[in-house]
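At position 353 of the sequence shown the residue is numbered 353 (full-length UniProt numbering), and the sequence of numbers has no breaks.
To be clear, the hints were calculated from the coordinates, so they are not data collected in a lab. Hints should not be assumed to be uniformly reliable.
Said to hold, decoys possible - Calculated lysine-lysine pairs in the DSS-like style (CA-CA distance at most 27 Å, straight line):
| id | residue 1 | residue 2 |
| --- | --- | --- |
| 1 | 198 | 37 |
| 2 | 194 | 386 |
| 3 | 128 | 193 |
| 4 | 128 | 207 |
| 5 | 128 | 386 |
| 6 | 208 | 198 |
| 7 | 128 | 214 |
| 8 | 193 | 422 |
| 9 | 260 | 214 |
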Amino acid sequence: MISSVLFGAFGILLVIGAPIAVALGMAAMAAFMSIGKDVTTLVQIAYNAVNSFPVMALPAFILSGALMQGSGISRRLVAVAEVLAGRMAGGLGASTVLACLFFGAISGSGPATTAAVGMLMIPAMTRKGYDRGYASAVTASSGGLGIVIPPSIPMVIYGVTASVSITQLFIAGVFPGLLIASGIIILNYVISKKKGYKPNEDEWSLKKTLVTIKDGFWALMAPVVILGGIYSGFFTPTEAAIVSIFYTLFVGIFIYQELKLPAIFKSLDSTTWLSGRVLIILFTAQAFGRLLVQYKIPDAIAAWLLALTGNVFIIWALVIIFLIMIGMFMETLATIMLVTPVLLPVMTSLGVDPIHFGVVLVMCCEIGFETPPLGENLFIASGIGKVSIEEISVKAIPFSIVEILAVFTVAYIPGFCLWLPKAFGY
């Protein structure tokens, strides 16, 4: 009864075009009313959802990423990536992947990474003779690294929703992120060889490389300070997010002297809007998830899956396919908050580590950034590259396949993401 009301109301509201936060909240309210519960209980659930120290990391990382675009840090990270990867075939494509890796290690956001790197690299690639659609596709695909490479805003949300260590999630995301980046770079090399995309420098210059790295020293130190502090236990992920804001302000204002007051106000404005949207989804999803757990709906789903097969590899395959499909139609943070209360108990009952599941979930959501109809990175890259969504979508397919293979690799080999946390003593 309760599951019919909960999922029925949620499905109907989505079909008629209600925002995800409204659909989750109204479905929870309808379910509460159907069993005679006082709906004012939802207010307490909402308060508890956001009254959490780890949740403070969310607006802090968003603000940090926004400030870096106006501080000169992102531009210098891209310049360093260019000199490091420029000598290989398709060097600008490889530089784009590296730049997304660097920026993702600071911003924690896929769309922010795509926008920051794409504004510089898509025009540079087209000037060098790259096809506009391909340049936009490789950028959109690489931008998703921003949520796999730590720090990651979706990992913060998963950690809060699943009540697991965010630090452990950040550490576990390192090798999966590097695996995806390596796959994209190799595929870019193969495609570039075939299409004749030449290196972006005719002659490698040690002097230019050293000058660029020296100029980008403070930009490169940002991920070292943030991740080094977290991994060493010097500060928590939430404290690291605050440190990253002050670091960006200091470097942007006093060292690079590029961060001006209008850019700071613009960053605060975008942070307020995005954080507010996410927090509304968070507390409605918490109410929805509370009902799922209370009425043992995940247990019923687990029993149904186990009735189909007891093979954990087949169940992983079904879960991954489901997550990729739902990620195509739903934004990342909403996906995480919706599916975690449903699928996490199912997977833990099969012996899957919650950290392992969280990393795979985030990797699946990363693929959603570059797949229509909702792929945010596609829209950002399309606007920058002035090319249709359809063209980018087709040219991003090979990269999506590489990323899907990476997801299955991490899912089937738990040590790929769990080895490093264990090495750090978790």
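Worksheet entry | 27 Å Cα cutoff - pair residue 260, residue 214 | 23 Å, holds
Worksheet item: Does residue 128 pair with residue 386 here, judged by a C-alpha cut-off of 27 Å?
Response: Holds, at about 16 Å.
Discussion item. Between the alpha carbons of residue 208 and residue 198, is the straight-line distance 27 Å or under?
Written reply: 19 Å, holds
Item to complete: Below or equal to 27 Å on CA atoms is what counts here, so check residue 128 against residue 193.
Response: 14 Å, holds
Discussion item. For a C-alpha distance cap of 27 Å, please report whether residue 194 and residue 386 respect it.
Written reply: OK: residue 194 and residue 386 at ~24 Å, within 27 Å.
Practice prompt. Would you mind confirming whether the straight-line C-alpha gap from residue 128 to residue 214 stays at or under 27 Å?
Written response: 26 Å, holds
Worksheet item: Straight-line Cα separation of residue 198 and residue 37 no greater than 27 Å?
Response: Roughly 66 Å separates the two Cα atoms, so the pair is violated.
Fill in: 27 Å limit on alpha-carbon distance, applied to hinted pair residue 128 and residue 207
23 Å, holds
Fill in: Restraint check for residue 193 with residue 422, where alpha carbons must lie at most 27 Å apart
40 Å, violated
Of the hints listed earlier, those the structure fails to meet are numbers 1, 8, in rising order.
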